[in-house]
Every structure is written in structure tokens, then in C-alpha cells.
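From first to last, the protein sequence lines stand for chains A and B. Counting from 1, position 280 in the first sequence corresponds to residue 280 in the UniProt record's numbering; the numbering is continuous, with no gaps. Counting from 1, position 36 in the second sequence corresponds to residue 36 in the UniProt record's numbering; the numbering is continuous, with no gaps.
Since the hints were derived computationally from the structure, they do not count as laboratory data.
Identical copies look the same in the list; a pair holds intra-copy or inter-copy alike.
Derived EDC-like pairs: lysine to aspartate or glutamate, alpha-carbon spacing no greater than 20 Å straight-line: (1) 224 <-> 295; (2) 47 <-> 35; (3) 249 <-> 153; (4) 224 <-> 105; (5) 249 <-> 323; (6) 249 <-> 272; (7) 47 <-> 23; (8) 224 <-> 78; (9) 249 <-> 274; (10) 249 <-> 225; (11) 47 <-> 64; (12) 183 <-> 194; (13) 183 <-> 306; (14) 224 <-> 79; (15) 224 <-> 323; (16) 249 <-> 148; (17) 249 <-> 226.
Protein chains: 2
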Amino acid sequence: MGGTGPVLALVGATGAVGSVMVDIINGRPEVPWGEIRLIASARSAGKRITVRGQELTVQALAPEVFDGVDVAMFDVPDEVSAQWAPIAAARGAVAVDNSGAFRMDPDVPLVVPEVNADAVADRPRGIIANPNCTTLSMMAALGALHREFGLRELVVASYQAASGAGQSGIDRLYAELAAVAGKDLGVRGGDVREALAAAGLGQADSPFPAPLALNVVPWAGSVKDDGWSSEELKVRNESRKILGIPDLKVSATCVRVPVVTTHSLSVHAVFDREVTVAQAHAVFAAQPSVVLVDDPAQGRFPTPADVVGGDPTYVGRVRQALDFPNTLDFFVCGDNLRKGAALNTYEIAEQVVAAR
Amino acid sequence: MGGTGPVLALVGATGAVGSVMVDIINGRPEVPWGEIRLIASARSAGKRITVRGQELTVQALAPEVFDGVDVAMFDVPDEVSAQWAPIAAARGAVAVDNSGAFRMDPDVPLVVPEVNADAVADRPRGIIANPNCTTLSMMAALGALHREFGLRELVVASYQAASGAGQSGIDRLYAELAAVAGKDLGVRGGDVREALAAAGLGQADSPFPAPLALNVVPWAGSVKDDGWSSEELKVRNESRKILGIPDLKVSATCVRVPVVTTHSLSVHAVFDREVTVAQAHAVFAAQPSVVLVDDPAQGRFPTPADVVGGDPTYVGRVRQALDFPNTLDFFVCGDNLRKGAALNTYEIAEQVVAAR
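Let the hints inform the model, and build the full structure from the sequences given.
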């Protein structure tokens with residue numbers, strides 16, 4: 001970084017996604033940036049983080065930090081983005097935002113570079129949105145299939161990791177695991193709530209609405225109309241917008257599982273045209289950001305433990321539905337902190353400067 | 001038990017399901033049996049187990065143990081049932097079998113008492129089959145909906161507990177949890193395979209094809225044609241047989257999760273007739289073996305940790321699909337060792353003697 005290239009700002013540099021973002025920037029063979037600024041809340045200001053061999057001091061969020069910035073990536077809560085992304089844009093930066101604040105705004109493109117890279121150019125508010133991590137975990141695979149076969153319907157069930165709820169989700173899962181492990185809990189798995197209470201882990205202190213260790217929790221996000229969760233509606237509405245299929249039929253059920261990082265989804269996808277497993281395998285093999293892991297007889301299918309830390313979307317268990325025409329069932333795993341958040345945001349930022 | 005009632009035999013009395021079966025028999029307010037015999041492999045013979053206040057000695061499996069037996073419940077591997085259930089039947093017992101050996105035999109009824117109790121009477125081979133635990137976990141709920149609205153299509157994703165793989169599955173999950181808990185595994189969750197190997201937990205020694213702690217595994221059962229697992233085909237074929245809908249359209253994806261006991265399923269069900277959430281709630285409320293837990297705003301939905309050890313099927317997250325007509329999305333949890341195995345088997349045995 002020599003001062004001649006564009007200036008990148010990372011807002012939320014000290015959070016769970018922000019720290020993965022720093023890893024991604026450090027791991028790139030080269031970057032286009034002349035300068036990188038790390039920004040966080042006043043509480044984290046002054047921290048020193050090494051970026052591409054240079055020790056940078058985290059600056060407190062303030063309007064002036066955006067002066068001279070070309071691209072500002074935001075990994076902060078919705079309400080912080082809602083306030084600050086427009087300030088960054090007003091100061092001349094393109095804001096790439098990973099919150100839910102702007103995703104469904106018709107004047108804000110929602111971008112997955114493999115699917116709709118061109119959309120970055122049409123940004124009347126100076127803001128580009130990064131999709132929700134659950135939606136993102138399947139988009140590279142679904143976008144590739146949609147181009148070939150025409151997607152019509154989606155039924156999705158998720159297996160979402162604790163880190164989707166940020167650092168507090170990760171900390172809580174570890175604390176719960178420590179409270180239940182090493183105990184003789186019998187064939188039933190004991191009373192998990194009792195074990196957590198005995199360890200001082202009150203449910204009210206958890207970012208999750210039920211115990212996560214030795215459990216699955218069929219809820220993520222906030223309460224929306226008619227029993228739907230915000231997370232489930234995001235999967236539906238964001239998939240429609242990214243893929244450009246306004247009438248895509250979607251039913252999603254979002255479930256949290258005791259995995260630290262990497263979201264998985266079971267996908268039932270109906271297409272306009274017939275699709276075989278061999279055709280789907282060929283489509284995935286031709287998509288650089290998708291890795292096919294699909295040979296159950298050899299124990300080969302994607303699992304979070306095997307794909308975490310990787311950039312691609314991993315796809316396996318591809319089957320032609322036995323009773324539904326033009327339909328595939330498959331399973332995807334994607335690191336929700338990388339492609340699901342930091343990586344896709346960074347890829348959008350790169351796309352913005354490449355398109356200048 | 002006074003010697004005047006019918007004789008019940010429990011084959012596989014010392015296994016994970018067998019021990020739950022003993023709990024169920026001990027927990028009944030009254031039982032119709034004049035005598036109960038506990039049977040297991042020669043290795044477990046001689047063990048003493050208390051049943052309804054009486055200490056019984058486990059007998060080794062042999063043809064003679066079935067003499068005088070009215071109902072013999074089998075909770076043993078497929079190949080043991082395949083050999084021994086016909087022997088029990090030849091000696092005059094009605095064999096109620098919880099293995100996969102006979103479920104799809106057209107001369108063997110496959111029974112869930114709430115759905116098709118009358119089927120117990122038509123048993124030309126003297127054998128009645130108990131369904132697979134994953135299928136069973138949703139049958140009471142689906143059977144009730146089918147009677148009212150006419151089931152046509154099912155898309156199912158499972159969250160299956162370790163105990164579905166028996167005691168070795170339970171032991172493995174506990175051992176894996178102990179190996180990963182209390183470590184600083186970071187935002188990625190560390191390298192689970194490495195942690196297990198360091199603890200001496202080789203993958204080849206596991207009943208699961210991948211790590212289960214801090215992971216989900218999209219595989220259960222054996223490899224069948226075209227990428228399907230035996231477990232997924234059981235969900236399809238057994239649902240059709242139990243519900244009496246030979247052309248029911250089914251796609252299932254079966255996934256193991258790090259829960260000790262209680263299977264969960266995300267269900268997308270399409271009906272012949274329109275169905276609202278209020279109508280579905282009314283149907284569930286009228287079904288004694290279904291408990292409705294459905295108020296997300298109050299944090300009320302079923303989770304394995306809250307329902308394990310219970311007899312009913314717990315249903316929540318009931319939503320009318322936004323984009324599919326006549327369609328409900330919902331989430332069910334059922335204790336796979338109780339209703340999913342021991343309880344339903346025992347209910348069939350009771351049905352057999354009640355129908356005499």
C-alpha cells in the first residue's frame with residue numbers, strides 16, 4: 001500500500017466479521033488500496049491491528065474519518081449502518097453495507113458478484129448492500145443453477161452457526177459446551193437447562209432464545225407477521241432480489257445449531273427445465289466459487305467442520321427428486337463469516353474499484 | 001403382574017431403546033401383562049433388571065424363550081430381527097419389530113396407533129412393524145392433518161439425534177464433546193478433526209461418517225441408488241405406507257446433529273384443501289398425542305432439550321406458506337427413543353392384546 005491507490009475504510013474492524021475481514025485482506029496476493037483505515041466504536045478506538053505488515057490504529061467512528069475514502073465497508077448493527085452509511089456516502093465514499101438496513105431499498109443494489117456483479121454500478125444512494133449470511137451461503141450455487149435451468153421454487157431448511165449472532169453467540173456456545181461436557185447425561189442428554197443454570201448461564205443472558213449446546217433452536221432473528229422470523233423472510237426476499245426473480249416461490253425454516261461457524265442449508269429447488277444430477281455437477285464444476293463434494297459411498301459430502309475457513313460454497317448430496325419434476329435436492333455449506341459476510345463484502349468493494 | 005394375563009417378551013432389553021422400553025413399562029399406571037420376559041444376546045444374559053417392582057433376569061435369545069409368549073417386541077439390529085421375529089411368530093407370538101427388516105413387506109402392517117391402529121389385525125406373517133424413528137417423529141402430527149386436509153406433498157429436512165445410532169452413537173457424541181469442550185477454538189470453531197484425533201477418537205471408530213461435535217452431518221444410514229440414503233428413502237416409503245397414500249410426493253434430506261436424544265424435522269406439507277394456521281392449531285389441539293408449542297413472540301417453540309423424555313410429538317412454528325397454495329411449514333420434535341421407538345412399539349403391543 002503506497003498511497004497512490006484508492007482508500008478503503010473498514011467500519012466495525014474489531015467485531016467477529018471485522019476480524020475475518022482483516023484476515024481476508026491479509027491473505028490476498030495483492031490489493032488495489034493505497035490506504036486502509038480501521039474504524040470502530042469509541043470503546044475499541046486505539047487498538048492496534050496489523051494489516052499487510054503495517055500496524056494500524058483503530059479510529060473512532062466520526063464523520064471526518066470518511067474524508068478521502070473511496071470505499072467504506074460496514075460490519076456493524078443495523079441501526080449503526082442506518083445512521084453512518086449515508087454519512088460515508090455524503091462524504092464521497094461508496095458504502096458497502098453488511099447490515100440489514102438497506103438490503104430491500106429499491107435504490108440500493110444487493111450484490112453477490114458471481115450472480116449480479118453489474119448491479120454495483122447502479123447505486124443512486126452511494127450504498128451497496130451485502131446479503132444476509134444465510135441467503136449468501138447458497139447464492140453462488142443457486143445462481144449457477146438458475147442461469148442454466150431457470151429457478152422457480154425453493155424450499156429451504158437451515159442449520160445456522162452460532163457466529164451468525166456475532167461474537168456473543170460464539171462466546172455463549174463455548175460457555176454452554178463447557179457447562180454440559182464431561183457430565184454423565186445419560187441416553188436423554190440430561191436436563192440441559194438445569195446444567196446451564198447451575199453454571200450460572202441464565203437464558204436471559206443468551207443471544208439465543210433457548211439452550212444451543214446439545215440442542216437445535218428453530219428460531220433466528222425477530223418476530224414478523226404470521227409466525228415468520230425476520231431471517232426466514234430475508235431468505236425469501238433477498239433471494240428474489242439477488243437472482244432477479246420477483247415471483248420466486250420460497251418457504252424457508254431457519255434453525256440454529258451448535259456449530260461455531262459455517263451455515264448449512266438443505267435445499268429443494270424446482271426449475272423451469274429438466275435437470276439431472278450429472279448436469280448439476282457440471283454446472284457446479286464450472287463455477288469457480290463452488291466446490292462439489294459429492295460421493296457419499298466414499299463418505300464425501302460437505303460438513304461445517306471440513307469447510308470452515310474456506311472461501312467457496314461447498315455443495316453435495318445432489319439428488320434428482322424422486323417425485324417432483326425438474327427438481328433437485330442438495331446440501332450446501334458456506335463459512336458465514338467469510339463468503340457469508342466479510343468475503344462477499346470485500347469482493348463487492350473490489351468490484352467497485354475495478355469498475356471505476 | 002399375576003400370571004393370569006398375556007405374556008410379553010422384550011428382545012433387546014439391554015440396548016438404548018430397550019432400557020427406555022423398561023422405563024415406559026415401569027411408568028404405566030397399569031399393564032395388561034401376566035408375565036414379562038427380558039431377552040438379549042448371550043453376552044447380556046444374566047443381567048438383572050427391575051420391572052414393575054420385580055427383579056427379572058435377562059434370558060439369552062433362543063427359540064424356547066418364545067414358548068407361551070403372546071407378544072414379542074424386538075429392538076435389535078435388522079439381521080437379528082430378520083432371523084428371530086419369524087421364529088417368535090412360528091411359536092405363536094405376535095412379533096412387533098422395530099428394525100427395518102419387515103417394514104416394506106406387503107404382508108406386514110406398519111403401524112402408528114394414532115394413524116392406522118386397525119392395521120394391526122391384518123398380519124398374515126404374525127409380524128407387525130414399527131416405523132423408522134425419523135418417520136415416526138412426524139407421523140402423529142401429519143396423520144392428524146392428513147385426515148382433515150388430504151396430504152399430497154412433503155419436503156422434509158431432519159435434525160437427527162446421536163441416539164438414533166444406538167448406545168454407540170450416544171457414547172461417541174459424549175466423547176467428542178469432551179474432546180472439544182473447554183478449548184479456545186476461536187471464531188472458526190478450531191479444527192474439530194484434529195482435536196478428536198488428538199483425543200484418540202479416530203473417525204473409523206465412529207458410528208458416524210464425520211465428526212458430530214460442533215458439526216452437522218448430512219448423512220444417515222446406508223448408500224442407496226442415485227445418491228439417496230436409506231434413511232431418506234425410509235421417510236418416503238414408510239410415510240406412504242402408514243398414511244395409505246401410495247403416490248404421496250416426498251423429498252427428504254436426513255442430517256445428524258449434535259443432540260443426544262430427540263429428532264426434529266422441518267416440514268413443508270402441501271394439502272388437497274386450503275389450510276390456515278388457526279385450522280392446523282385446532283387439529284393439533286384435538287390430537288391427544290400432539291402438543292402444540294407455538295408462540296415465538298413469547299419464545300415458545302419446540303426444542304429437543306425441552307421435549308426429550310416426553311411421549312407426545314411437539315409441534316410449533318406453524319406457518320401458512322407465503323408462496324405455495326394449501327401449504328403449511330412447521331417444525332416438529334419427538335423423542336426418538338420413546339415415540340420414535342420404544343413407546344410406539346409398546347403401544348402396538350397394547351393394541352394387539354386390546355384387539356384380541
